[in-house]
Each structure stands twice: as C-alpha cells, then as structure tokens.
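Sequence order for the protein chains is X and P. Sequential numbering of the first sequence, starting at 4, is according to the working numbering. Sequential numbering of the second sequence, starting at -4, is according to the working numbering.
Please note: incorrect hints may appear among the correct ones.
With the C-beta cut set under 8 Å, the calculated list includes, among others, these residues of chain P facing chain X [to be verified]:
no., residue
1, Ile125
2, Ala135
3, Ile187
4, Asn188
5, Ala241
Straight-line Cα separation of at most 20 Å, EDC-like style, residue types lysine to aspartate or glutamate; simulated pairs [stated by the list, open to error]:
no., chain 1, residue 1, chain 2, residue 2
6, P, Lys127, X, Glu46
7, P, Lys127, X, Glu169
8, X, Lys150, P, Asp248
To be clear, the hints were calculated from the coordinates, so they are not data collected in a lab. None of the values given here were measured: they were computed from a predicted structure. The beta carbon of each residue, even a glycine, is placed where N, CA and C say it ideally should be.
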Amino acid sequence: MRRKHWLAFTAIILFIGCSKKTVEVLTSFEKPQNFPTPTYHFETNEISTAKFELGRKLFYEPRLSRDNTISCGSCHIQTSGFTQHGHDVSHGIDDKLGSRNSPPIMNLAWRNSFFWDGGVFDLDLQPIAPITNPVEMDETIDNVLNKLREHPQYPALFKRAFGTPEITNDRMMKALSQFMVMLVSADSKYDHVMRKEQGATFTAEEEKGYLLFQQNCSSCHKEPLFTDESFRNNGIGTGYNNDKGRYLVTLNEADAYKFKVPSLRNLKYTAPYMHDGRFITLEAVLEHYADNVQDTPNLDPLLQKDGRLGLHLDKEEQQSILAFLNTLNDETFINDKRFSEQ
Amino acid sequence: MPSLIAILLLSTAIVSCKKDDPEFQEENMATLSIEFDNIVGGQNLVLDNSTYTNSSGEKYTVNLLKYFISNIKVTKANGDEYTVPQDSSYFLINEADPETRFAKVNVPEGEYTQLTFTLGVDSLRNTMDISKRTGVLDPAGEMAEGMYWTWNSGYIFFKMEGSSDAAPADPTGQHKFRYHIGGFGGYDAPTINNIKTITIDLTQGGVPKVRSGREANIHLMVDISKVFSGNTTLSIAANPTVMFSAFSVNIADNYAAMFHHDHTEN
Chain X
4 MRRKHWLAFT AIILFIGCSK KTVEVLTSFE KPQNFPTPTY HFETNEISTA KFELGRKLFY
64 EPRLSRDNTI SCGSCHIQTS GFTQHGHDVS HGIDDKLGSR NSPPIMNLAW RNSFFWDGGV
124 FDLDLQPIAP ITNPVEMDET IDNVLNKLRE HPQYPALFKR AFGTPEITND RMMKALSQFM
184 VMLVSADSKY DHVMRKEQGA TFTAEEEKGY LLFQQNCSSC HKEPLFTDES FRNNGIGTGY
244 NNDKGRYLVT LNEADAYKFK VPSLRNLKYT APYMHDGRFI TLEAVLEHYA DNVQDTPNLD
304 PLLQKDGRLG LHLDKEEQQS ILAFLNTLND ETFINDKRFS EQ
Chain P
-4 MPSLIAILLL STAIVSCKKD DPEFQEENMA TLSIEFDNIV GGQNLVLDNS TYTNSSGEKY
56 TVNLLKYFIS NIKVTKANGD EYTVPQDSSY FLINEADPET RFAKVNVPEG EYTQLTFTLG
116 VDSLRNTMDI SKRTGVLDPA GEMAEGMYWT WNSGYIFFKM EGSSDAAPAD PTGQHKFRYH
176 IGGFGGYDAP TINNIKTITI DLTQGGVPKV RSGREANIHL MVDISKVFSG NTTLSIAANP
236 TVMFSAFSVN IADNYAAMFH HDHTEN
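Please construct the entire structure, taking both the sequences and the accompanying hints into account.
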C-alpha cells in the first residue's frame, strides 16, 4: 500500500514565480534510488505543495513558543544540518538548557522512532513535545492554535492546505510532518558514487575508509541511512546527569544507557556529537571508539570483542574513516532554498 | 364500534409484547448514565480543603484528581453484551469539573446486570493516527491537558496530586505527592501495562432499566483511599512521586479496586 503510494508520487518539480526570486517547489515525496521504502504513513498525510509550505511556515514560526521567541528552526538550523550548532544540549526559552543534544532533522521518512530514546513513535506526535517542554518552547498547544487563529495569514493558509480555514492540532501536526518528511538528504558524494552519478568515484583514501567503515561501523550505522534505528550503549560512560536513555521509555534495565544510533550523514555541519554533545570533533569520536570505550551496563557486544573494549583502529585508519565520513556531507541539502525560512 | 376494534388491537399488541419484555424495545437506543462519585472512605471528596488520613496514617489533601474511562460495555442477565462504539466511549473524569462526573452512552433499551469499562485508554487508541484523537483524547485539548506524556507518547490514565506533611519538600519547597499513572504496554518494546478492565455487578445495587425518554443512572462510588491501600500499602513519605516507573504498577493494582456500585436511579 505504502509502496504504491510513493511510486504514485512521481517527481513533479514546478517552478513558480515569486515577486523576489524563483523558488523551486516540492510537490511530491521522491524516494532516492539508493534508499529503501520509507516508513512514514503517507497514506494518512498525502503530500501537497500547500501543506508542505504551511508546514515550512510553522517550522519557522516563533509563535509556537510561549513568548514568541523560539521556533523549531531555532534549535534545528538548516546550515547546521538542522541541528543547533555549537550547543552540547539544546538551548531553549528563557536561556534554559535541555538535557540532550538537538538531533538533525533529515530523512525522517525512514525513522521508526524519534528522540534519543525513541519515546515518540509517530512523527505526527513529535512536535507536541518540544512545544510543551518547559525548557524548550514552554507553550500549550491550545495557545499556539489560538495565536494562529488570530494571525492575519494562517486561516487562509490552512484553508489553502486543508480546504477550510479551521485550525486544529491535527492539521498543524500533519503540516509540520509534511515539511519534515520532505527534508531528504541524499545528494552527498557517497550517494553519487552509489548511484553512479556524474562519474563520481571515491579517492583511494575514501575507498580505504569505506572498507574500514564497513568492517567496523556499518552494523550499527547501516547504509544508506547510516543508522539501523536501534538503541545501543556505545561505551561513552554515564555522563554528568546519569541519563539512562532508552530505559526511560521501556523501564527495562537491559535498555539502560542505550541511545538511538544516530545517522552519520552531514556530520560536518552537526557538531557536537553524542546524546549530550560531549565530543566537539570527529577525531575525538573516533579516538573514543578506539581507545576510551568504557564498560558500563549494557555496553554493546560489538564494542567488546576479542576480550578488548572498543574497535581496533590505529590513527591512520581513523584518518581514512574520517575521509570516508566526509563523503557523507550533503552541501545541496543544507543550502536548499526550499527548506529555508521564506 | 371503532373504539372496540382499537381496544382489541391494543390488547393483542400488549399480549404479543408480553412474551418478551413489556418495557423494552431493543431496536431503540436510549441513554445510560454512569456516575463517578469520588469519595474518600466514608467521606465525600472535597478538593483542596479537606484533610484525609491514609492507611499509613499520613494526613493528606487532594488538589487534583483526573482519570480516563473508556470502552464501556453492558451485559444482560442472559449474557447478551453491548459494547458502546469506540468513538463515543472515551471520558475524562475530572473532580474539579462537575460536568465530567457523568459518562453518558447510548445503549439498546433493556435491563443490564453487569457493567464493564477500562480505566485508562486502550493501547490501540494510544497508537492511532492523530486525526483519530478527538475530544478528550486530543493531546492539545483543554480536557486532556496534562493527561498525555509528550516525550513518551501515551496517555496518563490516572492522575492524583495533593499535599501532605509526610511528603518531603520538593525543589519548590512544597510538600506534595504526585501520582501520574499510565503505560499501555509499549509500542515497539514491551513495557508496563497499567490498563485496567473493571467489571461491576449491578444486581446488588439495582439493575438499570434503560428506556427511551428516561435516563437510568448507575451511581458508582469511587473510593480514592483505595489508591493508598490494597496489595501494596502506599506511603506518601516513601513514594511522594510516582510517574512512569515500575512501582506505578502497584498503584494501578490498588486503584483497580476503587469502584463500587452504590445504587441505580431508574
């Protein structure tokens, strides 16, 4: 059913004239050729230009926060791969800090769960959490809906998207989901090589890194999304706030200290790394896997093979992996005007 | 002469009905009201101003009490069951709002000897598309305000908060207890399931006779002192805050026994 759906969405790219400039408009969801079938339920939220554009406006709408200062885009900045660059943990309303690093918004159509602990299982329910979180946007959904109802533009935009000007939570969430699922990052050098586009090939160093990656990293950071969507303890230690991660959702001790395996796409733009943003550089991340894996409860078995903690990677091999990871950066995605505040 | 025919016809009609039940037309739907009358032991529950003592001897006041009732089903003496369609079978009982005290549903006319409902929100509804989450289930609605966990998608089934000197001071300096009980069993990984199915025999307190033009009311007493006693004695001092945790299962087991059918108004 789902497959039929996205197949039906053939790529229609329209050019519409704006007063200032010509902006390319997304009107359908396009599955990259080297990607699997998306998991998002398009059958209950069919993509349309009007809904996508409404979702984009809502994504950049500071009225979603109590004092109209913070939008989704505040902590998910496009030029930083839709993360909050330079912040170890998210920085919200009244200069309050969250307890986790704000994750990148990309390729969400393939995600099975959201947040570092996977507590939310439907993208349509996800935005309610940051909007109502006292340290993020600290607003009630009812207040947001009332602000939008009183806004000079939103009733007309909702009418354009949904047929009537009624502004409801259901419609707001569906529109936000439309914008977010369309944030597909699949135009990196790696993708070009995989799709054999533009005669792209890896350099010798990148190729070496790719092989090392496949041997050491790809069982968790599964291609082509570079995550297997599982929850794992990668041995970084318990952290200052003893965040037990996935345990908070399942209450299963076997899940303590496990976090969602993050994608490795766009790492160039998304520092710092890990659920609490403790690593500022990728060199430090690789050093961790090679030398500093700690034996905390539920440490992933893949990081304790052959009676040794961590991965066998010397400095040179780490450099090769870094070269490969650099092919996962998608310049087109972070500069795509269709995803920017208009 | 015509009046005689009329009388004859009428009496035949009555006689033919007598075989079944003179009062009820099963094809007619009528309102059945279920009243949730919150009490504390032998006292009426009054928010904020009354002090009660729990089974651990701790004095407490209640500031907030809300719970979800859903999936209402009624059963006749002959075993026939009627399940209220799901879309009209979710209620949020809020002690602070007297209008929420009655859950009113439409059922076929008849006498019912048993009432079954869920205390909480079933797992299916917990995972449904957002467009199906209307009325009290809208995570945005004023009614559901505070009855939904945004970070771990799922409804809070039962919420009771209050003050007690037995509770340690929280970071704001208040001595409060907070019980937020939910957990529908988990979406992709199994976890606690605090959904409780409550079955109540109505024959002792009086069977409701549901008829068009009338509104039978099943008057339930809901004794919230049972939250503190049962298989587990809940001490406010030991457990001032219970939310999404393994211990919450004990509280849910306790409160599953808080409903008692007092009487029926027909």
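Hint check:
1. Ile125: holds, 4 Å
2. Ala135: This hint holds: alanine 135 of chain P lies near chain X, its Cβ roughly 3 Å from the closest one there, short of 8 Å.
3. Ile187: Holds. Min distance 6 Å.
4. Asn188: violated, 11 Å
5. Ala241: holds, 6 Å
6. P:Lys127 - X:Glu46: Roughly 14 Å separates the two Cα atoms, so the pair holds.
7. P:Lys127 - X:Glu169: holds, 16 Å
8. X:Lys150 - P:Asp248: Violated, because 42 Å separates the two Cα atoms, which is more than 20 Å.
Violated hints, in rising order: 4, 8; the structure is consistent with all others.
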